[in-house]
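Number of protein chains: 2
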Amino acid sequence: LKAAILIFPGVEELDFVGVYEVLAKGRAMAGEGKIKIREPLEVELIACTREVKCANGMTVLPHRLYRGLQDYDALIIPGGRGVQALRDDEGLLREIRKFAERPGALIASVCTGALVLAWAGVLEGRRATTHHDHREQLAAYCDVVPERVVVDGNVITGGGISSSLDLGLRILEIRLGEEVAGKVRARIEYDLER
Amino acid sequence: LKAAILIFPGVEELDFVGVYEVLAKGRAMAGEGKIKIREPLEVELIACTREVKCANGMTVLPHRLYRGLQDYDALIIPGGRGVQALRDDEGLLREIRKFAERPGALIASVCTGALVLAWAGVLEGRRATTHHDHREQLAAYCDVVPERVVVDGNVITGGGISSSLDLGLRILEIRLGEEVAGKVRARIEYDLER
Numbered sequence: 123l124k125a126a127i128l129i130f131p132g133v134e135e136l137d138f139v140g141v142y143e144v145l146a147k148g149r150a151m152a153g154e155g156k157i158k159i160r161e162p163l164e165v166e167l168i169a170c171t172r173e174v175k176c177a178n179g180m181t182v183l184p185h186r187l188y189r190g191l192q193d194y195d196a197l198i199i200p201g202g203r204g205v206q207a208l209r210d211d212e213g214l215l216r217e218i219r220k221f222a223e224r225p226g227a228l229i230a231s232v233c234t235g236a237l238v239l240a241w242a243g244v245l246e247g248r249r250a251t252t253h254h255d256h257r258e259q260l261a262a263y264c265d266v267v268p269e270r271v272v273v274d275g276n277v278i279t280g281g282g283i284s285s286s287l288d289l290g291l292r293i294l295e296i297r298l299g300e301e302v303a304g305k306v307r308a309r310i311e312y313d314l315e316r
Numbered sequence: 123l124k125a126a127i128l129i130f131p132g133v134e135e136l137d138f139v140g141v142y143e144v145l146a147k148g149r150a151m152a153g154e155g156k157i158k159i160r161e162p163l164e165v166e167l168i169a170c171t172r173e174v175k176c177a178n179g180m181t182v183l184p185h186r187l188y189r190g191l192q193d194y195d196a197l198i199i200p201g202g203r204g205v206q207a208l209r210d211d212e213g214l215l216r217e218i219r220k221f222a223e224r225p226g227a228l229i230a231s232v233c234t235g236a237l238v239l240a241w242a243g244v245l246e247g248r249r250a251t252t253h254h255d256h257r258e259q260l261a262a263y264c265d266v267v268p269e270r271v272v273v274d275g276n277v278i279t280g281g282g283i284s285s286s287l288d289l290g291l292r293i294l295e296i297r298l299g300e301e302v303a304g305k306v307r308a309r310i311e312y313d314l315e316r
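In order, the protein sequence lines correspond to chains A and B. Start counting the first sequence at 123; every next residue gets the next number (this note's numbering). Start counting the second sequence at 123; every next residue gets the next number (this note's numbering).
The set of hints was computed from the structure by calculation and includes no laboratory data. Heads up, a few of these hints could be off.
Note that identical chains are pooled: a pair holds if it fits in a single copy or bridges any two copies.
What the hints assert, rightly or not - List time: in silico DSSO-like cross-link candidates among lysine-lysine, alpha-carbon distance up to 30 Å: (1) Lys156 to Lys124; (2) Lys156 to Lys220; (3) Lys175 to Lys156; (4) Lys158 to Lys175; (5) Lys305 to Lys220; (6) Lys175 to Lys220; (7) Lys124 to Lys305; (8) Lys305 to Lys175; (9) Lys124 to Lys175; (10) Lys305 to Lys158; (11) Lys156 to Lys305.
Since the model is a prediction, treat every value here as computed from it, not as a measurement.
Modelling step: build the complete structure from the supplied sequences, incorporating the hints.
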């Protein structure tokens with residue numbers, strides 16, 4: 123599992139750090155021998171710029187500049203007010219659609235990242251979710267389901283901001299099994315009843 | 123409420139981004155007129171270096187270089203394997219202790235950030251919590267309580283990694299009231315039953 127999380131100016135901080143934390147913690151725990159994984163696990167933040175100023179003012183340096191998606195088998199698109207600017211990036215939207223059609227590829231979104239998948243044509247005829255303030259907008263493109271994480275074939279969408287953690291855990295569950303996901307969930311203490 | 127989150131090499135990503143997201147979202151919602159706050163709300167990431175490489179490989183640029191804590195009235199110390207190096211930073215530990223003794227100051231930790239508070243002498247005679255793997259280590263310094271967030275006077279400690287969100291919400295509740303905290307919780311969709 124080689125995952126890219128695409129970040130961009132105006133990306134919501136927790137939208138990408140939640141799923142990043144979960145996947146990177148899985149990798150770290152495999153390295154420590156605390157979990158056994160059936161395939162290598164890698165996660166990178168990729169962006170079109172060398173610095174990314176996020177929605178609430180945090181600045182992050184991506185691991186790699188975006189040069190296409192050929193090196194990855196999972197792509198995660200977080201949300202935030204910055205998604206609006208991606209709507210006009212036809213080259214990127216075309217690449218996202220091509221990626222989604224690749225056999226074995228997994229494509230996911232958090233929050234309003236689902237709109238980017240919609241604009242790319244990935245959500246046609248599918249069930250998906252997004253932040254509660256944007257469900258109506260997304261409903262123009264697909265069947266919106268008000269759940270925290272929605273899996274439809276190889277397309278996984280998460281709800282608002284903090285659902286990023288749940289999305290990451292669901293990806294681990296699908297690709298590496300329930301036991302691995304459960305151990306990562308316990309390690310980050312996301313297993314408490316509320 | 124002017125909060126500083128101290129970040130350092132090896133800081134755990136979600137440990138600081140969780141509380142950052144919550145406080146920054148409160149500020150943004152106040153700016154949008156969606157919540158009314160009784161005092162201004164600001165949050166900054168501060169560090170001793172211009173770039174901070176986090177525990178799982180994410181690189182963040184702090185808002186400000188650390189030059190003492192005189193400009194803040196809340197200080198939050200996240201955890202991660204990088205805390206070990208702070209143990210020998212006597213100048214910093216002294217500043218943290220001085221900060222905690224200032225009237226009206228609020229001091230908080232997430233995860234193993236509690237160890238930094240302990241080394242600074244802030245937890246003497248107090249109740250506190252930390253990541254489940256480090257409770258025994260922390261018990262040499264204070265009364266360890268296995269709860270998600272522990273409030274003891276002006277010292278607030280959170281449990282492991284994802285409790286960063288709960289810590290942020292508790293700080294909002296204490297300083298700005300339950301209604302504000304509840305609205306931020308709903309906006310980030312952290313209000314779902316699990």
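For each hint, the structure was consulted:
no.	hint	result
1	Lys156 to Lys124	within (20 Å within a copy, 39 Å between copies)
2	Lys156 to Lys220	neither (36 Å within a copy, 39 Å between copies)
3	Lys175 to Lys156	between (35 Å within a copy, 23 Å between copies)
4	Lys158 to Lys175	between (36 Å within a copy, 26 Å between copies)
5	Lys305 to Lys220	neither (33 Å within a copy, 39 Å between copies)
6	Lys175 to Lys220	within (27 Å within a copy, 33 Å between copies)
7	Lys124 to Lys305	within (20 Å within a copy, 36 Å between copies)
8	Lys305 to Lys175	between (32 Å within a copy, 25 Å between copies)
9	Lys124 to Lys175	both (25 Å within a copy, 21 Å between copies)
10	Lys305 to Lys158	within (10 Å within a copy, 40 Å between copies)
11	Lys156 to Lys305	within (9 Å within a copy, 38 Å between copies)
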